[in-house]
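Starting from the known structure of chain Z, fit chains C, R and G onto it as the hints suggest.
Protein chains: 4
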Amino acid sequence: MSSLSIPVNRALDVICLGRAGVDLYAHEENVDMEDVSGFDKHVGGSPANIAVALSKLGAKVGLISCVSDDSLGRYVCSYLKSLDVDLTGMKIDDTGSRTSLAITEMKADDCEVVIYRNNAADLSLSIEQIDKSYIAQAKMLLVSGTALSTSPSREAALSAIRYARETDTVVVLDVDYRAYSWRSPEDSSLYYQLAASLSDVVIGNREEFDVMELLYKNINEETARDDDKTAAHYLQGATQVVIMKAGEYGSKVYTQDGKKFEQGIFPVDVKKPFGAGDSFAGALMFFLLQGAALEESVKMGAASAAINVSRKSCTDAMPTRQELADFIHSYETA
Amino acid sequence: MSSLSIPVNRALDVICLGRAGVDLYAHEENVDMEDVSGFDKHVGGSPANIAVALSKLGAKVGLISCVSDDSLGRYVCSYLKSLDVDLTGMKIDDTGSRTSLAITEMKADDCEVVIYRNNAADLSLSIEQIDKSYIAQAKMLLVSGTALSTSPSREAALSAIRYARETDTVVVLDVDYRAYSWRSPEDSSLYYQLAASLSDVVIGNREEFDVMELLYKNINEETARDDDKTAAHYLQGATQVVIMKAGEYGSKVYTQDGKKFEQGIFPVDVKKPFGAGDSFAGALMFFLLQGAALEESVKMGAASAAINVSRKSCTDAMPTRQELADFIHSYETA
Amino acid sequence: MSSLSIPVNRALDVICLGRAGVDLYAHEENVDMEDVSGFDKHVGGSPANIAVALSKLGAKVGLISCVSDDSLGRYVCSYLKSLDVDLTGMKIDDTGSRTSLAITEMKADDCEVVIYRNNAADLSLSIEQIDKSYIAQAKMLLVSGTALSTSPSREAALSAIRYARETDTVVVLDVDYRAYSWRSPEDSSLYYQLAASLSDVVIGNREEFDVMELLYKNINEETARDDDKTAAHYLQGATQVVIMKAGEYGSKVYTQDGKKFEQGIFPVDVKKPFGAGDSFAGALMFFLLQGAALEESVKMGAASAAINVSRKSCTDAMPTRQELADFIHSYETA
Amino acid sequence: MSSLSIPVNRALDVICLGRAGVDLYAHEENVDMEDVSGFDKHVGGSPANIAVALSKLGAKVGLISCVSDDSLGRYVCSYLKSLDVDLTGMKIDDTGSRTSLAITEMKADDCEVVIYRNNAADLSLSIEQIDKSYIAQAKMLLVSGTALSTSPSREAALSAIRYARETDTVVVLDVDYRAYSWRSPEDSSLYYQLAASLSDVVIGNREEFDVMELLYKNINEETARDDDKTAAHYLQGATQVVIMKAGEYGSKVYTQDGKKFEQGIFPVDVKKPFGAGDSFAGALMFFLLQGAALEESVKMGAASAAINVSRKSCTDAMPTRQELADFIHSYETA
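Protein chains in written order, with my numbering: chain Z, 1 to 334; chain C, 1 to 334; chain R, 1 to 334; chain G, 1 to 334.
Looking at chain Z on its own, in the form it has when it is part of the complex (with noise of 0.2 Å):
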């Protein structure tokens, strides 16, 4: 159905681009900050997660980001390492920037969460740290939508896609859209588009698909939340999988050729409200590096999102593939 056409022989199989920084999560559960006593440290950052998952799936993963040279950096980075994940593409800023840094309440409705982000090491990624023949060693490339969001980081991220479309790896496109980073909603929808139209797959929820639409006045009117019409929309050129999550009403998934199907959610007993996105397209991006089917790739990603959300951490969280074979044959056996 998918008619990815994924290299093989490559020293990599996935780069992921984009933020890595640090989680501080709530001791006390359902507890307001006021009243929290402290916070767990864990590495964050959707790429990274990302790259987590897919590492720790069995795949071989670098990331391209930047963290700033202090404790905290070289917590982030001891941490990939420990994970074998490839760092030949992070970068050390020294001139003042910060590990993106994450402050979270553990509550089940109204968590805040405190970013700090102003000056984030990540954004100063720039278009002369990206190397051509690094992103030529990997199948995939992932890019988290957040790296387009200012410059220099905007242009490093899509030098990455180009040099990827002319090396033939794949690209798949994580929208990952927090408003907070963008100048406008205009600026997010023209580099989305732009971004889009030079990734092999497209992954996003129904909130990410009506951003990068409003430029497309006419036909936001026509397809306002039809989600049918929008995937047709992005299905061209480059374009072969686009993929609209729900949350709990699982995922829509559409080809170039036309085809559609629906993935629903494994039911578990959630214990936080993150990582079911970067669970799901890890596991997602591994099973169709492993040859599944697109269908097959989905609901693996499904079952990771699942048991991600079921455990208190979010990288951590991230299941071995014994652990998603054990939860597919207990949830399909019961």
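One copy or two, it doesn't matter: identical chains are merged, so the pair holds either way.
For lysine to any residue, the following SDA-like pairs were computed, each having C-alpha atoms within a straight-line distance of at most 20 Å:
hint, residue 1, residue 2
1, K132, E186
2, K107, R74
3, K107, S71
4, K81, S37
5, K107, G38
6, K312, S37
7, K132, L214
Just so you know, these hints were derived from the structure itself, not from any lab.
Just chains C, R and G now, kept in the frame of chain Z:
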């Protein structure tokens, strides 16, 4: 030979996008700035010049630009209006930016131009100011590459190009590279490539194509200064025509169907070292819009350039259609 | 000995001006950041610490500062309110700045602190937020020198000092020099000298006075590290008292009438390398406000510092008046 | 009457600090900018004008300023050198700033001036460029208040003033308030007050003193436009003389010993609305340096202003000592 498909029945022939400003030319010729007594005042800026060139030939033309809310901004607008340039897309900025300004010696050699473009009004143009329905009213969109050099003007230019593609407006990219406007040559290369891949016609000189090719290191080695290979690289997808200008050596013109021809210059007594390119682009587009063949249109461009540089000012030196016919006639009967 | 003229019958004893933020202390002691499992949450920032020190001793204290409009900002405010710190002068910023944040190892040696102060909320405080009538309600104004490091906080701090002079509020300048906040050491020297010349009491260590003297190159040569000459230089005009802190060597105190005395430290088992200075400043001001002699006040400052560093946290470790009395008593009867 | 103590035996009479730039005057008088054909080129900028005024009267004068590294910067320097202005303190900036530029209509009423001061070279001057030993070589330092408007020029100006105080160089502050250069009127008020308190002579008009008083809300109410009270407020500490200019109504002069006198204007046929203040300041300082009484010096300032505005240009219109003597003579014998 050209397979440009120019729409008919539109209110405007061409919309030009980019800077419009003031040029101050030294009173005295061949005198150093220290000893110049004063300056003559003209409207300038490449896309404004091209708009004037088109208008004087008889085309209906609009300009998307921005000037500051002061007497110099008003002067630019009133001059353009007097030449019937449509200013629907002209923004008047009152936040502290200033109308682009160039102060120049008038010397045959080592002619120094001092550019005042810190917080330039035209670079404050943003995507929110670009109206898709306005772009849809024009047969052609001329984009000056300098508009791509910094945000938010960059996004304004890119979105205008995309709107043009969606509405079948023919896109002409005039590379117009000014190194001082860009963060890095790598950024220039990235955005010029993106813009070129969405343009029907790309016009530049050898140095400009070198900058565009910077990110194609392999290609660059191969093609180093090989005009044919450079042109072939760009003549893909949307791009139908590549015009490579070489000053006194004339121009090489390539089309996507693999054809190529050259056009020499019309020898005249040169009065100043600028204006040729804008005059060329204006006449080229005008004759394409008239249905002339590409060869004929390029020839008229070359003649118009010759007339312009043989006169002292720049906008005022743009020829009328009659002057152009007379010039060609006198040349061919000489 | 001191000729400070402290006003009476005012609603507040002290207003502190400068940063208030969050300190995250590593759970594990003597462990590198990479291996720390998490952090304990505390309120921090030198002027906030001093406000807490004063409040715990029984003074009526206000804080002029700014935090971000999020759960961490609310935490800082609610903690300070719970200790009866008046927050009339606290600004809540929602334009993208972030509450000052420090993440620290807990190591005896080479203890690294990672500071998140890009677009720090407290440095967004501007002159327009300083209310002269509020300053007039306090007997003393404590200004942290870091508030002088960048505009617009610099102007807020300078105007507060000038308002204090106009309304006979005693000004205490705690140099609190952090090189990373300043454009250049020369700028530091200029503003510290301006602020010191308008302050009644100046507190700093030798390294801080070295920075202050940078622009007095002649003087600097002469006095190089000569505490007596340095003090004499500052004891002019408004400045009545100069206190030069020297860590384990205690403090030297100079007054404008030419007197000088030294105060040693109270030896304790040190648990952490910070908090001493803030605890010292708080107790010093408190006892001056009680009408104690300068010698007695400095001694109580030293005792308070000793108590603070013998405890693990910083704000929570500030002693009450009873604890201070007990400490002195046990020390003197030991 | 004045108790200024002017040092003797110094290499320079006056050092002026602040902007030096280019003024472009419309060729045609009483014509709107749209219809002006061109401009005459002059050197301008208040402190540069004052330096020229002093030099033409026969004083030895230096200028601390900055221009851009281009032909306009070279023009400014070569013009000033030709008038024997010492340029030891002139910085040539090549980082993208531009020489201050003013383009003006020549109209009796509603004369619009367009100012190009985005990233102005003179405002890039920083404290590191101020040499105390150079300041020590001058009898007087003239500071233009506009140099205080933004960092790092602000710190350059403040440090120059402090160096002058340390080396007994007399400080003259010309308020020269331009609202567009400042972040807020409150900031203007703060720095003008700081600078005025360190100056021997303060020169401004009523509107400028209003801005200076903004932060003294109580005082402001009382004195609202009461020149005597305003002057009394500033005549403290270092400040010996306050001169309040009132255009066609002449000037009021106050000294710290409580004296006051007024000086009318010399009626002439006014050719342009600027240059008067700079000409006034230059002649005032020149005659003070000659040992003339304050009344005599102010009178010569008024005469010099009259001569300047009766001529078309600004720097070129500064009178020589002989012209000034002739003017006074003709006036007194008229």
